[in-house]
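*Asks:* Spelled out, the chains give:
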Amino acid sequence: MIELYVLLAAMIIAALVAIEIKDLLAAAVALGIVGFSVAIMFILLQAPDLAIVQIVVETLTVVFFAAVILRTTNSDTTVGGFRRELVLPTVVYVGFGLLFLLVAGQAMAGLPGFGNPTMLVAREYIALGLERTGAGNVVAAIILDFRGYDTLGEVTVLFTAVVGVLTIMRRAGRKGQGAEGRG
Amino acid sequence: MIALFACLLLLLIGLYAVVTKRNIIRIIIGFSLVEYAVNLFFALVGFKHNGIPPIITHLGQSRSNFVDPVPQALVLTAIVIGLATTALMLALAMRIYEKYRTFDITEIRRLKG
Amino acid sequence: MDARFVPLFVVIPMAAAFLIPLLAKLWQRSADLIANAAAAALLGISVYGAASLVTESQVLVYRMGGWAPTLGITLAYDHLTALVALAVNALGLCALLFSVRYLDHYTGRWKFYTLFMLILAGLNGVTVTGDMFNLFVFIEIAAVSSYALVAFGTDFDELEAGFKYMVIGEIGGTAILLAIAMLYARASTLNMAVVSQVMAGFGRTPLFWFIVGAFLVGFAVKMAMVPFHAWLPDAHPSAPAPVSALLSGVFIKVLGVYAMSRVMFNVFGLSRANAPAFFNLLLGFGVVSIVAGGLLAYVQKDYKRLLAYSSVSQIGYILIGLGIGNYWGIVGALFHILAHALGKGLLFLTAGSVEHATGTRDLDKLSGLEKSMPVTAWSYLLGSLSLAGVPPFAGFFSKFFIIVGAVSAGMYWLAILAALFSTVTLGYLVSVVNRAFFVRKDREPTAAREVPASMVIAMLALLILTVALGVGFRPVLDKLVGPAAQNLIQGLGYARAILGG
Amino acid sequence: MRGMSLIVQTVARLLAGMLFLFGTYIVLHGHLTPGGGFAGGVLIAAAFILVSLAFGSVEQTERNSYTLSSVVESLGGVLFVSLALAGYAAGTFFFQGAAAYGTGTPLRLISGGIILPANIAIGIKVGAGLFAVFLALGASRFVMKD
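Quick note, the sequences are listed as chains A, B, C and D, same order. So that you can map any letter, position 101 of the first sequence is 100 in numbering that gives the first Met the number 0, and since no number is skipped, the others follow by simple counting. So that you can map any letter, position 101 of the second sequence is 100 in numbering that gives the first Met the number 0, and since no number is skipped, the others follow by simple counting. So that you can map any letter, position 238 of the third sequence is 237 in numbering that gives the first Met the number 0, and since no number is skipped, the others follow by simple counting. So that you can map any letter, position 77 of the fourth sequence is 76 in numbering that gives the first Met the number 0, and since no number is skipped, the others follow by simple counting.
With the rest of the complex left out, here is chain A (with noise of 0.2 Å):
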């Protein structure tokens, strides 16, 4: 499992990255390259659905990013530089981040332990996927069939999110008013 580790390492300095660098699209390209390694993550932990599934995600996420900050800017002013009103949130906020994590490793230490899944559902849709939906792929028979009211929720959420979207970007939300502020 060191390539896990390796990966996870990897994911933090990327995320590093993408939040302190200067250039925002810089930026949106390592939010991509944390993307992509979630996908390969989920590989080595044999979920190849999700990896699919994250890779366009992930392609798609950048695309979007893209597509707005060349439309707009990609230069971000705020970062860069020493601040002194920063220092303490973040000292607050490395504070609190500790606590959490004490916190949640007294806590994880109640779950069971890593590779080791209770599969107390999973064993009867494992028994029961290809028999009683005729499905090979058995995620597919949990997300489509078993439970596929889930998913229909899942397809309503992007449903929302398409109509929101185009929703936003009407010229001018009320009648009368101009497009004021446009380029």
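Source of the hints: derived by calculation from the structure; they are not laboratory data. Treat the hints with care, as some may be off.
[Said to hold, decoys possible] For the chain C half of the interface with chain D, some residues (derived, Cβ under 8 Å), not all of them:
no., residue
1, 13
2, 62
3, 63
[What the hints assert, rightly or not] Lysine-lysine pairs mimicking BS3-like chemistry, simulated, CA-CA at most 27 Å apart:
no., chain 1, residue 1, chain 2, residue 2
4, C, 24, A, 174
5, A, 21, B, 98
6, C, 364, A, 174
7, A, 174, C, 300
8, C, 364, C, 300
9, A, 174, B, 98
10, C, 370, C, 300
11, C, 300, B, 98
12, C, 364, C, 440
[Claimed, not checked] Over 10 Å on every C-beta distance to chain C, these chain B residues come out as not near it, computed from the model:
no., residue
13, 2
14, 4
15, 8
16, 19
17, 51
18, 56
19, 59
20, 61
21, 63
22, 64
23, 83
24, 84
25, 103
26, 108
Since the model is a prediction, treat every value here as computed from it, not as a measurement. Don't be surprised by glycine CBs; every beta carbon is placed ideally from N, CA and C.
Dock chains B, C and D against chain A, hints included.
*Replies:* The following block gives chains B, C and D in isolation, referenced to the frame of chain A:
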């Protein structure tokens, strides 16, 4: 266990950007990081040592060492929801830029309280 | 009784949302028709469901796809569900009727209706679901459509409020997802009833409290309890008035209060007897919300912003009702969900009609509207009396029950505080009457005409419901709110009711 | 938006065809192999995005494809809901799966009951919806009409 901690660390990095950064695009990037971290955490939960993907390729195949398929199904949904929210946030960010000509939230803040 | 009607709560608004974009291309105004018809159908099945529960009184369980509870997703319909569904769909129909003419100011009519139907789908989905992950999915449907609707006007403030709301709201959503991931890792199942049985076997470990805490943060953001309220006073005023009514009236209660009580009481089996610290925490948040929301509402100059801060304060009442944790406290909280949904929905609709008629919501610019807009003015006055807890309106009974609960639990200071702050509520709500509706000495009455008939009907319908709920509180209490409170108090008994035996 | 050079256009056309084909394959085999309606739908959207990037477009075509894709998206949604409703209307459960649609021959293309048609509906919906989002966010400087 270390993998789960690394996930939470990634979550904290993303949350840091959301809380302290002042550039809208940077906040969205931070939010995406939080999302990845939670998805990865959920996927790690279903991992099984020496497991194989839960896909039956031929009849009569042994299914005893399949990894847990449930987190995979749920994370799939969560990834799609994440894409949807990111797209909506980007649309809002773009319209805000068109109105205010900046991504800096300290220059945008017109609402009080 | 047959549970076959339960999935219709989700199917009707969802199908309407998918159909509106198609049919609106052919005929613009079909969106009005479809949306109102769907909302009327939703209200119809809520009434039907509540009526049949009252006569037979049992939990209805619907198995999606016919799968048994551990395998598939189950929907559950009990008295609590019936109560919340009634509030959601009654207010939904009135708000949609109000929208028909209100939208004359806006562009993008079919987009508004599509998103509104999606909010209703999300809220109803959260109400009827009996599955942890499904809860998250439907919370996201409702939340994502509300982000877009808050920014519907696409003006400076609206976009900014939408973005702020979206970032804070999504952090809450992610907290809920993290909690579900942890919960699945331990319980290895997702059906609420089964989860509650499995988790009961593991005891109150640090993991248990971590999961409870993550859920609490998520729901606290959704219900805007102080100190997680920062988004609400921006988001609710920015939305179009019918959406503000829905958001303040039912959205924060379904996604926040209802979902939280369902998870905490029925899944984790928390009660004042076995987890006093958690309930004291709720009391603390409730008191802070009442005080901070009430005092901040006093200093607002914007009509809708004042109402938004008032919502924060009223959520506090619901929280202390739950936090008291005995029968009367919970009854008061649930009754307040109904009373506040109708009352605050009505007040936001009057705000919409004032804005529609005068083009402003700045209270310093309004004066003497009582003459020109009598229906709006009287709706506002009676609605605010109800919210402030003046008998015989609905709000009086909810606050009365909460005070009875506090006294019977021996928390006299809480009873005094609740009574005291209902006068504060009355103060800031009536100050609007003074400023906007009565003629002020130094100023001419604002020129305005009463709003069109459909908007008047929507306001009157809510007004009649508010009055009816107050005058006829007895049957509502006996048949609906009381059993709903028992649904929460039974705690882990919920699992037995769902799984049967 | 201006189109790109002839070489880019030719390559893009080829690639887009392959992407589209691959997306369709992934949609149709979602119940047998990894992937499914969502992954395939995104690939189909990507094929369209590639073409619109390489060829550029005039405002009118963009508007038409925006309208068309939002209509197709709604159609996909309606299709999915009616698949779910079919079992309900026929007197069994909402989202009735294999019991209503039959399991077919296991591990062949025509199997999996509701899963295959549902994947197709999702593929249509996701492909059209994400292309519409791309047009709204990124294409040329036109602004959405109502």
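*Asks:* Hint by hint, say whether it matches the structure.
*Replies:* For each hint, the structure was consulted:
The beta carbon of residue 13 of chain C comes within 6 Å of a beta carbon in chain D, closer than 8 Å, and the hint placing it at the interface holds. Hint status for residue 62 of chain C relative to chain D: holds, with the closest Cβ pair at about 6 Å, below 8 Å. Of the supplied interface hints, the one on residue 63 of chain C holds, with its beta-carbon coming within about 5 Å of a beta-carbon of chain D, less than 8 Å. The suggested pairing of residue 24 of chain C with residue 174 of chain A holds, with an alpha-carbon distance near 19 Å, which does not exceed 27 Å.
Distance check on the hinted pair: residue 21 of chain A and residue 98 of chain B sit about 23 Å apart at the alpha-carbon level, within 27 Å; holds. Pair hint residue 364 of chain C plus residue 174 of chain A holds up; C-alpha atoms about 23 Å apart against a cutoff of 27 Å. Between residue 174 of chain A and residue 300 of chain C the alpha-carbon distance is near 26 Å, which keeps this suggested pair within the 27 Å criterion. Distance restraint check for residue 364 of chain C and residue 300 of chain C: the Cα-Cα separation of roughly 10 Å lies within the 27 Å cut-off, and the hinted pair is therefore satisfied.
For the given pair, residue 174 of chain A sits about 17 Å from residue 98 of chain B by alpha-carbon distance, which is consistent with the 27 Å threshold. A distance of roughly 22 Å separates the Cα atoms of residue 370 of chain C and residue 300 of chain C; the hinted pair therefore holds under the 27 Å criterion. For a cut-off of 27 Å, the pair hint linking residue 300 of chain C to residue 98 of chain B stands: about 25 Å separates their Cα positions. Straight-line distance between C-alpha atoms of residue 364 of chain C and residue 440 of chain C comes to about 13 Å, which keeps the hinted pair within the 27 Å bound.
With a closest Cβ-Cβ approach of about 13 Å to chain C, residue 2 of chain B is found to remain outside the 10 Å limit, as its non-interface label requires. At roughly 14 Å from the closest C-beta of chain C, the C-beta of residue 4 of chain B stays outside 10 Å, upholding its exclusion from the interface. Non-interface status of residue 8 of chain B relative to chain C is upheld: no Cβ of that chain comes within 10 Å, the nearest being about 14 Å off. Distance check for residue 19 of chain B against chain C: the nearest CB is about 13 Å away, which clears 10 Å, and the non-interface claim stands.
Listed as outside the interface, residue 51 of chain B is consistent with that label: its C-beta sits roughly 19 Å from the nearest C-beta of chain C, beyond the 10 Å cut-off. With 10 Å as the threshold on Cβ separation, the claim that residue 56 of chain B sits away from chain C holds: the shortest Cβ distance comes to roughly 23 Å. Remark: the non-interface label on residue 59 of chain B is consistent with the geometry, its nearest Cβ contact in chain C lying 23 Å away (cut-off 10 Å). For residue 61 of chain B, the condition that its CB be more than 10 Å from all CB atoms of chain C holds, with the nearest at approximately 22 Å.
With a least beta-carbon separation of about 17 Å from chain C, residue 63 of chain B lies farther than 10 Å from that chain, consistent with its non-interface assignment. Distance check for residue 64 of chain B against chain C: the nearest CB is about 17 Å away, which clears 10 Å, and the non-interface claim stands. Not every Cβ of chain C is farther than 10 Å from the Cβ of residue 83 of chain B; the closest lies at roughly 6 Å, contradicting the non-interface assignment. Annotated as non-interface, residue 84 of chain B brings its C-beta within 10 Å of a C-beta of chain C; the closest such distance is 6 Å.
The Cβ of residue 103 of chain B lies farther than 10 Å from every Cβ of chain C, with a closest approach of about 12 Å, so its non-interface assignment holds. The Cβ of residue 108 of chain B does not lie farther than 10 Å from every Cβ of chain C; its closest approach is about 7 Å, which violates its non-interface assignment.
In terms of the numbered hints stated before, the structure departs from hints 23, 24, 26, listed from lowest to highest.
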